[in-house]
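Every number in my numbering is 62 more than the matching position in the sequence shown, counting from 1.
Bear in mind the hints are in silico, worked out from the structure with no lab data behind them. Just to be clear, a hint being listed does not mean it is correct.
Unchecked claim - Derived pair list, reagent style DSSO-like, types lysine-lysine, alpha-carbon separation capped at 27 Å:
id	residue 1	residue 2
1	LYS100	LYS173
2	LYS178	LYS101
3	LYS143	LYS90
4	LYS101	LYS90
5	LYS100	LYS90
6	LYS90	LYS182
7	LYS173	LYS101
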Amino acid sequence: MLLTDTCQQFVLPLLFKNKMMDQNNLDKIIERSLEIRKKYHELEIQQNGSEWTLEQDALAYLTDAGLVGRNVMSHEKTWSKQNSEAELEHKLGENIWWLIVLADRTGIDIKEALNKFLTKTENLF
């Protein structure tokens, strides 16, 4: 399965679950994502005495990205793992969430970054 096939099968349903994602919906997704991160920061302070650093967030993202790889391998029957379809869907959504969080913490407008990437890549073809 190509990455684009995986995207169509798993990522798009996350983004388009209830209605088409337009600019306002993306803004709402970003808002919800950042609100969830605030709640995790509160939990981190409660458990560890401080919020995770940007570096810790980046490492958590990389860990989850690696789990996407393992779950795709299971999807393709090259790695045996139970419940991988549900976990793949969850981890794809979580990776999008982490990217929103990391962009926010580094002062990058994720919408603008995505738009620039898409425009630049479209112009390659």
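Hints, verified against the model:
1. Restraint check for LYS100 and LYS173: satisfied, since their Cα atoms lie roughly 20 Å apart, inside the 27 Å limit.
2. Simply put, LYS178 and LYS101 have alpha-carbon atoms about 30 Å apart, too far for the 27 Å limit, and the pair is violated.
3. Note on LYS143 and LYS90: the hinted pairing is violated, with a Cα-Cα distance of about 34 Å set against a maximum of 27 Å.
4. Using a Cα cut-off of 27 Å, the hinted pair LYS101 and LYS90 holds, with the two alpha carbons roughly 17 Å apart.
5. Restraint check: the Cα-Cα separation between LYS100 and LYS90 comes to about 15 Å, which is no more than 27 Å; the hinted pair holds.
6. With a CA separation close to 26 Å, the supplied pair LYS90 and LYS182 stays within the 27 Å bound.
7. A hinted pair counts as satisfied when its Cα atoms are at most 27 Å apart, and LYS173 with LYS101 qualifies at roughly 23 Å.
The structure shown violates the earlier hints numbered 2 and 3.
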